[in-house]
Amino acid sequence: MPRGESATFVLVWAALMALLAATVGVSFLHLGSWNTVLNLGIAVAKTVLIVWFYMHFRRTRPLVRLAGATAPLWLAILFGLALSDYLTR
Amino acid sequence: MTVYTPDANTPAARPRTYIEAGYTLRSWLLTTDHKRIAILYMISITGFFFLGALGAAAVRLELLTPKLDLLHADGYNRAFTLHGVVMVWFFLIPSIPTVFGNFLIPLMIGARDLAFPRLNLLSWYIYVLGGLFTAYVLVAGGVETGWTLYTPLSTKYAPGHTVMAAAAIFVVGFSSILTGLNFIVTIHTLRAPGMTWFRLPIFVWSHYATSVILVLATPVLAMALILLALERALGIGVFDPDLGGDPLLWQHLFWFYSHPAVYIMVLPSMGVVTELVTTFAKKRVFGYEFVAFASIAIAIIGFLVWGHHMFVAGQSMYASMVFSFLSFLVAVPSAIKVYNWTATLYKGQLDLRAPLFYAMGFIGLFVFGGLTGLILASLALDVHAHGTAFVVAHFHYIMVGGAVSAYLGALHCWWPKMTGRMYSEFWGRISALLIFFGFNITFFPQYILGWLGMPRRYHSYPPEFQSWEVLSTAGAVMLGVGYLLPLVYLLWSLRYGPRAPANPWGASGLEWRVPSPPPKHNFEEIPVVSWEAYDYPPPQEEQG
Amino acid sequence: MTTAPFVRPEQQQEANHLGIWLFLATEAMMFGALFFALTVVRLRVPEGVRVASGHLDKLLGTVNTGVLLTSSLLVALAVSAARRGRQERTAGLLAGGAGLGVIFLAIKAYEYQKEFSEGLMPGPGFRLHDHPGAELFFNLYYAATGLHAVHLTIGVLLMLGLSARVLGGYLRLPERAESVELPGLYWHTVDIVWVFLYPTLYLVSG
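The listed protein sequences derive, respectively, from chains A, B and C. The opening residue of the first sequence carries number 0 in numbering that gives the first Met the number 0; numbering runs sequentially from there. The opening residue of the second sequence carries number 0 in numbering that gives the first Met the number 0; numbering runs sequentially from there. The opening residue of the third sequence carries number 0 in numbering that gives the first Met the number 0; numbering runs sequentially from there.
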């Protein structure tokens, strides 16, 4: 229901802020390359929240969801195969 | 076996066609009718084709003699760059989708237009804008880097209007993205009742696959071009090892797009060939699902192979091995299509008209080009062949022997539908034969030259290569005549050709059930489809 | 309401949704390529990137991230309100989202000015020459945030325009709620781009 939806959105916002705080927290820890992993993981978590709730992914038709999902998949191809060059030179 | 029905094609009897729906320039330049936009594109890309051909002519004339004597060295570079840039982005990539895709997809699926008609018109205007940028570059003196714009030549050392050329390609890229987007949405949402996915003509499947590539690959090129322009104009250093960048990064980003781009060029041609083969063999396509899924497979696997352009560029050997293997894989769905076309032709009632000549030429030349692609995909062999005329021959067999032949085949097959006129079959066949033989005489010697060591993009060569080069140029002349002839007899047919019936070839497909040319709204009533694709012989329908 | 060539409203709705998501996929691919370039540079000159990134104002970057995330909340709430037919509330929330976007841009401009005065802008005044790759990092930082800012500006103008049209009664809600929802998706995408830019640019040294 739309009114319940607003409450959900605010909750999501709170979660996003918490994740942002977590990012800041992580930056005070010195974990070497794990910092990057954690930061990217947090970014992905934020993205999932935004896409699923704010962008109404859950009530989007499967076909349209597939269209949206292709971009991260295709970027994975770019990163994966190109990094296979950079990381093995 | 003629199926010309001299019936309801007098002006009084037939409904107003899309051509008659308005005679002002404004009605054409502000149209949202997919058929008119297709014609606008047809005119523009024809112009660019001949512009690109001039570049080729300059190259072939220079290569008649071993020494540099016709052009300056930089003039030669500009000639082959112009040829590549114009042919790839302003002819091959748009051609079949924007002319035949635009005209036919709504008709083939039983719709009145594409999903976003105004976006379609915008696509054309963006294309024209990109073309104007290119014209500016040409007039201002050109670009000397080759169409691949490799760094650091393009960012540091080459004179010329590289940034402007990058801008032109950037702009025209958006035209193709929007076309792809439009096609995907149209095919998903505007199919007529009963027109299930597996009842669609393979032409539509091919364009769907092409559109997926257009949408996902082109934006990467856009970013690569932005970085290239920033590097050249401001020296940001992203491709400069001295500053922490990598010249190979350009090649990764460029080929991530440009390899799938060659499938943008070839998938629509394959879709055309399936239509031509079924129409002129009067037979169902052999293995429909295989052909349909092969189109999707080519589109997807085509994204996984780009590193095969970089085997000798400094790419890691391990990555190269992966790319080599994946490149072999992409040959499989292409081969499936070739087998299926052949099986379709087998025991068909062949109607040996120009479109079928082009289709059969395509199959033979595509196989040749594809096999040499396998040679190039083999790491060890590519070390020898990379950067030679062998590569040039390989891609011309596919792009020209394949894609251009398919374009011309489509032009002849659907000319009656689009214009309402029949072309001269005699001249059609002559041109097809001239093109087939001229093409082979032009490009087969280049396989030999390349293997003997002739580099690509070189204006001079050892004297012992001259006889092959002369033969190649002679073939190019024949090819040129073959390309000019249709311009003449097709235009002639607009005025003097016999009026075309709705279905001159007795073909299946919804586009053949509407008059030639179709009315603006395509169908009196949206059809309800209850038959399979390639339902030969097609059920009797009212002509006209 | 259905416009030609669509026959049924659900058909047109599906087409509009599919169209916008495909467009957003192209934006993701484009920025993705830029992220790839940033990744390559990070791999090749990690020290220079680390030092350069350390000079960015983490506090301002974090505040800006919070600003954009909040703007997304407002836009999401605007879409909710639109679907409930609340004209003024929708217009207000859209304007609020746009306003936060403007604040983001203002903070960004302030950052740029600060970087210029600290000798961090590539060019004659650049002072991190001792660290190979630092200047390249900053070049990419400006290219990336600049491109993002262009997209954000377009988003701000879109939201303001929508807000005005809703307030002026030109967009009847909830009938035309889709006209609020679809541009809203664009706004969220621009936010997501920043969500990735923030750690990539600001949080390298760690």
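By construction, these hints were calculated from the structure, which means they are not laboratory data. From a predicted model like this one, the values you see are computed outputs, not experimental measurements. Check each hint, because a few of them may be wrong.
To be verified - Simulated DEER-style distance windows between Cβ atoms:
(1) Asp-73(B) with Arg-58(A): 14 to 24 angstroms
(2) Lys-113(C) with Ile-295(B): 25 to 35 angstroms
(3) Gly-118(C) with Val-331(B): 24 to 34 angstroms
(4) Asp-241(B) with Ala-105(C): 32 to 42 angstroms
(5) Asp-56(C) with Val-9(A): 41 to 51 angstroms
(6) Tyr-109(C) with Arg-60(A): 37 to 47 angstroms
(7) Arg-60(A) with Thr-152(C): 44 to 54 angstroms
(8) Phe-115(C) with Tyr-317(B): 17 to 27 angstroms
(9) Lys-113(C) with Arg-117(B): 35 to 45 angstroms
(10) Leu-152(B) with Arg-7(C): 32 to 42 angstroms
To be verified - A few chain B positions that, by computed beta-carbon distances, are all more than 12 angstroms from chain A:
(11) Val-58
(12) Ala-72
(13) Trp-254
(14) Gly-313
(15) Arg-456
(16) Arg-498
Heads up, the beta-carbon is just placed ideally off N, CA and C, and yes, glycines get one too.
Hint check results:
Here the CB-CB span from Asp-73(B) to Arg-58(A) is close to 59 angstroms, at odds with the stated 14 to 24 angstroms. For the pair Lys-113(C) and Ile-295(B), the beta carbons lie near 51 angstroms from each other, so the given range of 25 to 35 angstroms is not met. Between Gly-118(C) and Val-331(B), the C-beta spacing of about 57 angstroms breaks the proposed range 24 to 34 angstroms. Separation of Asp-241(B) from Ala-105(C) is about 36 angstroms and conforms to the stated range, judged on CB atoms against 32 to 42 angstroms.
Taken as a hint, the range 41 to 51 angstroms is violated for the pair Asp-56(C) and Val-9(A), whose Cβ atoms sit roughly 29 angstroms apart. Look at Tyr-109(C) against Arg-60(A): about 42 angstroms separates their beta carbons, and that is inside 37 to 47 angstroms. For Arg-60(A) and Thr-152(C), the hinted distance range of 44 to 54 angstroms is not satisfied, since their beta carbons lie about 31 angstroms from each other. The given range of 17 to 27 angstroms is broken by Phe-115(C) and Tyr-317(B), whose C-beta atoms sit roughly 44 angstroms from each other.
Range check, Lys-113(C) to Arg-117(B): about 44 angstroms between beta-carbon atoms, so the 35 to 45 angstroms window is met. For Leu-152(B) and Arg-7(C), the Cβ-Cβ distance of about 55 angstroms falls outside the hinted range of 32 to 42 angstroms, so the restraint is violated. The beta carbon of Val-58(B) sits about 32 angstroms from the closest Cβ of chain A, which is more than 12 angstroms, so the claim that it is off the interface holds. The beta carbon of Ala-72(B) is kept farther than 12 angstroms from every beta carbon of chain A, the shortest such distance being approximately 33 angstroms.
For Trp-254(B), the condition that its CB be more than 12 angstroms from all CB atoms of chain A is violated, with the nearest at approximately 10 angstroms. Listed as a non-interface residue, Gly-313(B) fails to keep its Cβ farther than 12 angstroms from every Cβ of chain A; the least gap is roughly 8 angstroms. The beta carbon of Arg-456(B) is kept farther than 12 angstroms from every beta carbon of chain A, the shortest such distance being approximately 25 angstroms. Listed as outside the interface, Arg-498(B) is consistent with that label: its C-beta sits roughly 42 angstroms from the nearest C-beta of chain A, beyond the 12 angstroms cut-off.
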